[in-house]
Structure formats: C-alpha cells, structure tokens
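4 protein chains.
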Amino acid sequence: MAQIKNVGVYTSGGDAPGMNAAIRAVVRTALYYNLEVTGIRRGYEGMINGDFLTMDRKSVGNIIQRGGTILKTARSEHFKTAEGRKLAYENLKKRGIDALVAIGGDGTFTGAKVFGKEYNFPIVGLPGTIDNDLLGTDYTIGYDTAINTVIDAVDKIRDTAESHDRLFIVEVMGRDSGLIALRTGIAAGAEAILIPETKTDLNALYHKLEQGRKDKSSKIVIVAEGEEAGGAFEIGKLIKDRFPNYDTRVSVLGHIQRGGRPSCQDRVLASRVGVAAVEALLKGHHNEMIGVINGEISYTPFESAIKHNTEINPALLKIVDILSL
Amino acid sequence: MAQIKNVGVYTSGGDAPGMNAAIRAVVRTALYYNLEVTGIRRGYEGMINGDFLTMDRKSVGNIIQRGGTILKTARSEHFKTAEGRKLAYENLKKRGIDALVAIGGDGTFTGAKVFGKEYNFPIVGLPGTIDNDLLGTDYTIGYDTAINTVIDAVDKIRDTAESHDRLFIVEVMGRDSGLIALRTGIAAGAEAILIPETKTDLNALYHKLEQGRKDKSSKIVIVAEGEEAGGAFEIGKLIKDRFPNYDTRVSVLGHIQRGGRPSCQDRVLASRVGVAAVEALLKGHHNEMIGVINGEISYTPFESAIKHNTEINPALLKIVDILSL
Amino acid sequence: MAQIKNVGVYTSGGDAPGMNAAIRAVVRTALYYNLEVTGIRRGYEGMINGDFLTMDRKSVGNIIQRGGTILKTARSEHFKTAEGRKLAYENLKKRGIDALVAIGGDGTFTGAKVFGKEYNFPIVGLPGTIDNDLLGTDYTIGYDTAINTVIDAVDKIRDTAESHDRLFIVEVMGRDSGLIALRTGIAAGAEAILIPETKTDLNALYHKLEQGRKDKSSKIVIVAEGEEAGGAFEIGKLIKDRFPNYDTRVSVLGHIQRGGRPSCQDRVLASRVGVAAVEALLKGHHNEMIGVINGEISYTPFESAIKHNTEINPALLKIVDILSL
Amino acid sequence: MAQIKNVGVYTSGGDAPGMNAAIRAVVRTALYYNLEVTGIRRGYEGMINGDFLTMDRKSVGNIIQRGGTILKTARSEHFKTAEGRKLAYENLKKRGIDALVAIGGDGTFTGAKVFGKEYNFPIVGLPGTIDNDLLGTDYTIGYDTAINTVIDAVDKIRDTAESHDRLFIVEVMGRDSGLIALRTGIAAGAEAILIPETKTDLNALYHKLEQGRKDKSSKIVIVAEGEEAGGAFEIGKLIKDRFPNYDTRVSVLGHIQRGGRPSCQDRVLASRVGVAAVEALLKGHHNEMIGVINGEISYTPFESAIKHNTEINPALLKIVDILSL
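Protein chains in written order, with this note's numbering: chain A, 11 to 335; chain B, 11 to 335; chain C, 11 to 335; chain D, 11 to 335.
Keep in mind that the hints were calculated from the coordinates and are not lab data.
Heads up, a few of these hints could be off.
Since the list gives no way to pick out one identical chain from another, each pair is judged satisfied if it fits inside one copy or across any two copies.
[What the hints assert, rightly or not] Only pairs whose alpha carbons sit at most 35 Å apart, straight line, appear in this in silico DSBU-like list of lysine-lysine: (1) Lys68 to Lys218; (2) Lys15 to Lys90; (3) Lys104 to Lys209; (4) Lys104 to Lys247; (5) Lys104 to Lys250; (6) Lys317 to Lys328; (7) Lys127 to Lys328; (8) Lys68 to Lys96.
Please model the entire structure based on the sequences and the hints provided.
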C-alpha cells in the first residue's frame, strides 16, 4: 500500500447536524499527521465536477457549533454510472487525492463501497445521518440533535394541547426507521408511537385513546414518516372519523429536524470518529465505517453498515405503554 | 358603581405564550389591592359551567415562565347565545364575582363587549394572541415569542437549505394578518414574503427567484397562512411548475408557534397590562382593552380593539426587497 | 457636499448580538444604491492600521443569525489621540472611503463625533450595545437578545432554587445602567431588583426577604453590575450575615450575555436602522445616530445620543413590588 | 420477603434535570403494577419529618419536561445519626411505606446503604446527578442536559471571544470529576481542558496558548471546579501574569448547569431506570443502583456505585490535543 499524502473529505446524502464537527476533526487530524486535506463540495457530484478546495486549520475554525455542512451535500445519479465514477477517479488522481473520508448514510456508503472496489481506492466512512439506522455504531452523527429538536417542538405543542384539551398527531422523520419516533415518544410522554418496524394496530390505538380520555386532557401520538398506515395525516383522518368529538390536530415537523446547532454528544461523537477515521486510513483500513459501540471505536465493513438496523428494543416499546397510562 | 370585591380572570380563544404571566399579574395585583380573585377555566365555557377556582398567591407561583395557560382556554358557541350568557351571568353572581379580566383576542373581546353591555358587567381585556392584530397596543402578548419560535425554526431550515442549495417555502401563522410573516421574513433574511394584506404578484416573485438564483445557493420564501394564492403548498406547486430544476420544499411550521416559554418582552408586557387591568377596574374602566402604545399604558374600547389592524408598514416591506437582493 | 461613492462600516466597543445583521443591512443597502462598501476590521484600530476589506453581497450571506461581529471589534486608545485619528483619516482617504457607518455604543460615537468634526467626514451611527443606555432610540441592537439570555439563565437557576428552597443573588450586566436588570427582574419574577439608578435600600430588601420567606420557598434577587452596594457578591455577603439560616447563593451571569443568535426583534431593528443609515448618508445626514422611536426611524446627534439614559420608568419598578409579594 | 404494597420515592442531594422524569416513571410504573406510591419531600429530611404525599397518575402529569424536582431535595445531617434514621423508619412504617426508590448521587446512596442494612429495608437507587461520576451506569440522569447547557453557554462566550480576540477561562461544575469538562471541552473546541483527575501541567498549557496564538484569534480553556491549581480564577490570574498582553477573561458558569428542560436522552434514561427500579423491587432486588450500561439495564450494589468513577478515557484527552491545534 502506497503511503497516504492527501485525504479528500466530503459529505453526501441528507445533511445532519454535526457534519461540520466531523469535517473539522478530519481536517485537523490529517494536518496533525502531516497530510494534506482536500475538501470536496457536494459529495459525489463534486468529485465528478472537480469541485475541490484545499483545507487548512482555519478552513474549519468556528464551525464545530454550526448545523449543516460547509462542504454542502447532494445526491448524485451520475455517480451510480461507471462513467461518472471514472470521471471522479480521474479528478481525484489529477488533484493528488489518494484517500477519502466519506460522511453520510447508506447511500453514501453504497457509492463508497462500489468506488473503493472498482478503483482500489482507500475509503473510510463516518456515520452522518439523523436516522440512526446504520449498523456498526450505537449512534449516528445528527441523531442526538434531531431528537432534541423533536422534543423541543413537542414540548411547545404540548403547551397548546394542554391549554385546549387537544389530541395531536405529530409526524417525525424516519422513512424506514422508527428510532427517532421511539426515543422522542418516550421523552415527550406520548400516548402512543407508530413506527414502520411494527404493524400498526389501530384498534389498540383507539382503545388506548378512549381509555386515557377520561382523566387526561391532552394527548400526543408520535408517528414516524414511514409508518405503514400512511403517516400523520392518514392517522389523523382515521382518528377524527372514529372520535368526532375529540379536538384532533396534525403537525408534521418536517425539515427543522435536519438543522440546528449540534448537541454536545453529536459534537463529541463527530470529533471522535473524525480523528479515528484518519488514523484508520493511516493504519491501512479501508471500505469501513468508523463508529462507536459501547464507548469504543468500532470498524464495520460498508456492506454490513448499510444493512438497515431494524431492531427495535422491545423494552423501550413497553415503557411507552407503562408510562402513558 | 359598586365597589369591586372579587375579580374573575379567564383566557379564551387561541392560547398564546405569556398568558400565564398575565394571569399571575392579575391575581397578584388583585391580592395586593385586597380583592379576591377567581380563576375561570376554559373561558366562556367555564363561566357557563361554573368551572371556578379561588386563586391565591401560590396558585400563580412558578408559572411566569410557562407556555400555555393554566386556566385552559376554549372557544364557546354557547356563549354566543343569550341563553348561554344568562347562565354565565348567574354563575358569576352566585360566586360573587363582580368584575372580569378577559385575556384573549378579537373573539374574546367580542364576547366581552356583548356580555358587558347586556349585564352592565365591568370587564377589561388583555391582548393575548400571537397574531398581533389588535388595534390599541403595539404588541400583543405572545407575538414576540411566536416570532422568535419562527426564526429559530427557519434558522434550522436554512442550515439544511444551504447544505442542499434548496428553495424553501415556509408557512407561518396568520390567517388574516401578515405581521408574523413580515417580521420573521426580515429577521430570517427571506427572499420574499407573501401576506394577506397585499396582492401576491406571482410574476414579481418568479422574477426575484430567477434573478437571485445565479449567486445565491439557498432561498427562503415566507408565506402567511392567509395569503391569497392559497398558502405554502399552493405556492410551492406553482414554483415547482415554473422552476422544475429547483430543489423546492415546503414546510408548514404549525402549532409549535403557539407554545414555548414566553420571551422576556412578552413576560414584561403581560405583567404590565395585568397590573394595569386590575388598577383600571378599580378606577372604573370597563369595556376596554389594556395595551401598551409607545411605552405607555393605553385603554381602547373593545369595539375599536377588535377591528383588525391591517396596516403593514411599507418601510418594512421595502426592507425585504433591499436586503434579499 | 461631494457625492458618496464608498461607505466604510465598522463595529466598535463591546460586541452585541445583531451587529452582523446590521453589517449585512448596511452592505446590501449600499450595494442597492450602487455604492461600494468597505469593511473595517476591529473598529478604530483597523482604521489606524488600514485593516480594510471590500465587501460584496456574499460577504454578508448567512450571517444575519450569528452572534458577535464578523468585522471584529476593539477599543482603541490610539484613536483618542490626534495622531491616531490622522493616521485613520489618511488610510480612509487612500482607500477611497468617503463616508462611514459606525456600529457601537457611547465610546464609539464619542470617537465618531470628534473624528467627524475634525475632518468634516460624513459619519452616521447605529446603536449596537446590549445595555440599551443610549438616548435617541427605544431599543439598542443586542438588548432584546441579552434580556432573553438572562431570563433563560434565571429560569434554569429557578429550577434548582425551587428544588433546594434557596435564595439566589444573580448579577446581570449593566455597569451604569439598570435596564437589563429591570426588565429581566420583572420577567424572571424576581423578589427584588438592585440597580445603579436608585439608592439601594438594604433595610427594605431585608424586610422583603423576611416577609416573603414564610410561604415562598425560593427567591431571586437581580443585581446590576454597577449597583452601588458593590454587586452580587457584596450583597450576597450582607444577606448571608443577616440571614445565616437562608441557603443563599450568588451567580454572576457574565459574558454569556454578550453572545448568542440575535432575537427576531434585534434582527429587525438592526435591518431597519442599517437600511436607514445608508439612506441617511445619501440624504446628507451626518454626526447622527439612527434609531427607532415609537416605531419610526429617528435621527439623534451623537452628542445627545451618548448622554446616558438614566430614566427608569417608575411604573416598572412598582410592578416588581406588586408582583413579587 | 414480604410483598411490596407501597413504594416511597424521593430525590436527595444536588438536583439534576430529569429527576422529574424519573419520579414520573417510578410513580406510573408502581401504579401499573397496582402498588401505592408515596412521595417523600426533601429527601431524608422529609422522611424524618414525615413530609409525605400520596401520588397518583395526575401528580406526575406534564412534568417530564421540567427541570428541578417536584419532590424537592435537600442534604440531611440528621439522617447521618442513628436517631435520625430511627425517626425516618418509624415514619415510613406508620405510613405503610415498605420499599423505597432513592434518586440522587453518592451521598444519597450512602444514606440508603446504611439505612437499608440497619432496618432491612428494600431500597433501590436511580443515578440522578449532573456529574456522571457513579460506577454502574454509562450516564447519570442530568449529565446530558448539563453538558448541553455548558456548550450553549460556551458557544455564546465564543461569539464575544471571537469578536474581541479574547482568551476565556470557563469554569464548569465537577468538584471531584472532570467528566463535564472533558466532553464539553471537546464539543466546544477548547484549546485545553483542566480537570481534577490529571495533574495540571502549567508549562504545557502556556506552551499551547503561545503556540496557537499566532493564527487563532480567540481561545477557550475549560476548567473543572475541582482542578488542582485552584479553579478558573486562579488559572486566570496565572495566565494574566504570564501573558499580560492577552485579553484574558474568566467566566464561572455556576448554577445554570443544574437547571433547564431535560434533554431527550436524560428523559429516556430516567424513564428506563424508573420503570426498571420498580420492577427490580418487585423481583426482590435491594441495595442496588439501577443504571444503563451498553444499552442494557444494570444493577450495581450501592457500595460499588458510590466509588467515584475516576477513569478518564485517554483517547478523549488526546482528541483535545489533536483538534485544538
């Protein structure tokens, strides 16, 4: 293996708070080990277009606390073609970039896996997605911030729900994953949580809402985007039909969940895996995602990481039932 | 005029952050002047049902910082009937309540105006609504908190908009009023603001979005609910048709705008008018809303206050045009 | 009067949230009117050192929501000398800057006043200070954010005070001004407020703390830095001596009050006066601070603006007494 | 072992955000299993004074999002005596309380350990302290909120530090533990972290501050309260002596670190261990703290839990060095 001299770093797919902290960590660690660092803008699109910038310590000054990604992000259809990847490879070579740190989720790592094999290019990945749905890490960068954003919003909704004795159906992000819904449902004191991983039992939901009605003035139901009955609006319609005398409202939290200053834990996680990513490249790792499991750095092959984590802790589901009674 | 001995206080209509600070101020001021105070739950509904509670200093301890209203709020169809108001009057009399402080918006004051005349009952009102659409006060209780909640959300949306070079259409509250949209549009650095008070010029909007596109990667358009072209989803559809290559998203902020810890200014305003309301009753005022104009307490007859403030400062509209260039 | 071609903009003295929004407004308005704009770094120090940068629309992109000042700020002893000001003048001339917008407080405007007269140089000022102690504007840029930061902190302190039945002495900023203390004291539901503008009556304070003790478990006293008895630590010591069985704690909020994302109102104010400043220069105004009084733009000669606003609204002081009972 | 019928719950020692979420979980879980629940106010003091209240589902409604503890907390010297504990035991017996859930830190568990043995009384504990210094759980309730409060404050301080090119010494809580300092130091992008667990190497600190000075305008040093050189003021004095031309400021964050709405993770943790505590009592556990290790509920004898966790992950310390360069 040739010695690494110039590390390229990029963010790709949906943005997540803490990506800037990860970029900062990659850049400063590379410099610490006397490597050059090149920022690649807009992920794979930037590779294909040669949208590169040399990064120094100052490029990443005062960004650890900022949401979004200073390198911007995109999804690239072009990179899914062999021709797109060839262009990318040639640009990287021309620029002297000889290793990559990819920050993103399953789409990002799928691209990295293919490209890494095709061109025998050293790539490691950092888990950057609010969905927390990657295998190989306890948490992904952005998840902790997103769940705090959700409960901040639901706390506000609860103020008005309590004042009006209303039932709110609140939709949170998670097309394939109920992990945001699960923790925020517990933390918001929700009556019920509807997630894609479990079959939505409408009768159980109706029963619960009826039963609780007697002595609880307001109610919150948290619905993950990808829930099988069709999301918050659909559930809201069903509940309004069933309980026409309830004052039922729907709120879709939407894109606020992607932004904001990263939480302390997201910054620490991003910093840890950012440092470890560069050190892993130097030790010869490639095609692996760097995560943290049980407090220790972990290395997971891309092909394993991108398998969706569909395991929902049944103990957490039971907590919702016990505490919302 | 008979001497006042027992002041009833209630919140009615849409809730607004700072209502609790207002309740606290009314209760403590009444006690300061050796009056009794009775809380009426759920506004006019509670009057009709006799849902009363005696309040002391402790009833309002540690609530100044809480969103919502501890007295709960509701809209009442029953109170619009003479029969409903008769029931309310009898309940108030039975309880010994001989003056009222109504906290709410135009619906609240319309009810107060009719009831006050019908039964010659001393009532003053406090402007409690996030919409800031009442004449007779520079700001309503809740408006300042709501606009801060909006920009907090739009700042988050901007993080992701910047990262993806997206155009966001963000809908804020204001069925009849563009005042939330106007200030938050300026404060969020929006490209354009669409409000009910002005005719929406779609061509001007398209022109602006096109023109700015060249060197500005992300864009925010703030739309008030009541905007004439049909709100954010409708505008979003039109823009997607016109600019199919823009990455356009719609976000409806919804009920988070009603909740949350009240801002400093909302607490100060609520405290000032709460104190002034009780003092006004003692001085013989009735059928008036207590507001603050140019830093001084003001008294406005209910029938004037409920006329919607439709005046939009043209200087503020021009600022949007200059600064979004 | 020669036509203005190049406006210099700088921030000086203590920083305040919203200064960036003001810089953005000045830059974009100048460009709107086809002027050039030059940023001057670190206030008068930068003038003396020729620390200039040409600003375009992008220089001020995505800064409206950021605390601090991208132009940095400083206090300059050198500019107080004729020789320093001569250097500054020569640098400005060399660079082609023919008008200035100064953002800051009384120190900033004192310098501007002297320099403007000495070299007949067109300067207008924007009120940028968290202290709100300038005549000629209802609010200064940064004040609204600072008071929200204070009540956010005091709400947290109240949580622990309530849990432990403690008395907290909280010191807020305001060396010569009690305006931060006054509004935050009302909004935090404080028992007492000690400010530089009024003589601190310790016996009245003791009496109040004793009286309230019986049925109120926790207490907050807000002390302005410049309070005559010596600030929070001194007051804390006196109270501990007098009431050895109270669990009394002191908290000095310090520099957090200067930072943070500006509030909606601070961004709107900064935007309005920023636009108005450039328009004022074009209309021939100089030696004036641009503020907002009763909702309208106002122009106040520097020599009047820098006279400290020592007027404390007695109605607000009385509110503290009534509501803390 | 006799069957449990009435669970007493109390908070003791320093309060921590999330204690209310823990109380709610204990109360609702006990009711779910058809037990009675008694709240004990002010910890051991309340046991000695018989300050009890029967709790139902509504007693813990709408508190999951609140800082502090609705049961209040205290430190008790009286409970350290055999006579105090006897009084407590008699009160518990009289009231019919036959098992206890103690929420607090090492002092709380030390008391619980002694009392549990002395009277063979079933007690389990929940880790409620912002310090995260207990063995037997990855995180304590309140730690996650506290570190987010710290970085929120340091982000604000950084705004003003950047604007003025200042060096800030920021003191965070942690009399015996550097765990708050360590994570917040990483997350705030601090130059250096001084903690009680490691010897403070002043020369290394000076060297670092000097070296970085050249191209970094502002600097943050995070100091834990219990740091051996004497805390932030002492360190600040040393640095001012050494670098008289640096603009050095000290900020002690203080009690704001104990308050505020609990973070999502703190609420989830509190809910999980609250449920598990009641279930543990029913299964016959006692003298154990209930924590979460590697995502699973864990049971640790009080005598092990109260041994301070003094282990500082060296990988995290190294990250500070790499990333602050």
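Given identical chains, is Lys317 near Lys328, meaning Cα to Cα at most 35 Å, within a copy, between copies, both, or neither? Cα proximity of Lys317 and Lys328: in one copy and across copies (26 Å, 32 Å).
For Lys104 vs Lys247, is the C-alpha pair at or below 35 Å within one copy, between two copies, both, or neither? The answer is neither: 57 Å in one copy and 43 Å across copies each exceed 35 Å.
35 Å Cα threshold - placement of Lys209 relative to Lys104: neither (52 Å within a copy, 48 Å between copies)
At most 35 Å between alpha carbons: which applies to Lys104 and Lys250, within, between, both or neither? Answer is neither; intra-copy 61 Å and inter-copy 38 Å both fail.
Pop the pair Lys15 and Lys90 into one bin, within, between, both or neither, using alpha-carbon distances up to 35 Å. within (27 Å within a copy, 52 Å between copies)
With identical chains treated as interchangeable, where does the CA-CA distance between Lys68 and Lys96 reach 35 Å or less: within a copy, between copies, both, or neither? both (32 Å within a copy, 34 Å between copies)
If the cut is 35 Å between Cα atoms, do Lys127 and Lys328 qualify within a copy, between copies, both or neither? between (43 Å within a copy, 33 Å between copies)
Same-copy or cross-copy closeness of Lys68 to Lys218 [CA-CA at most 35 Å]: between (55 Å within a copy, 17 Å between copies)
Checked against the numbered hints given earlier, this structure breaks hints 3, 4, 5; the rest are met.
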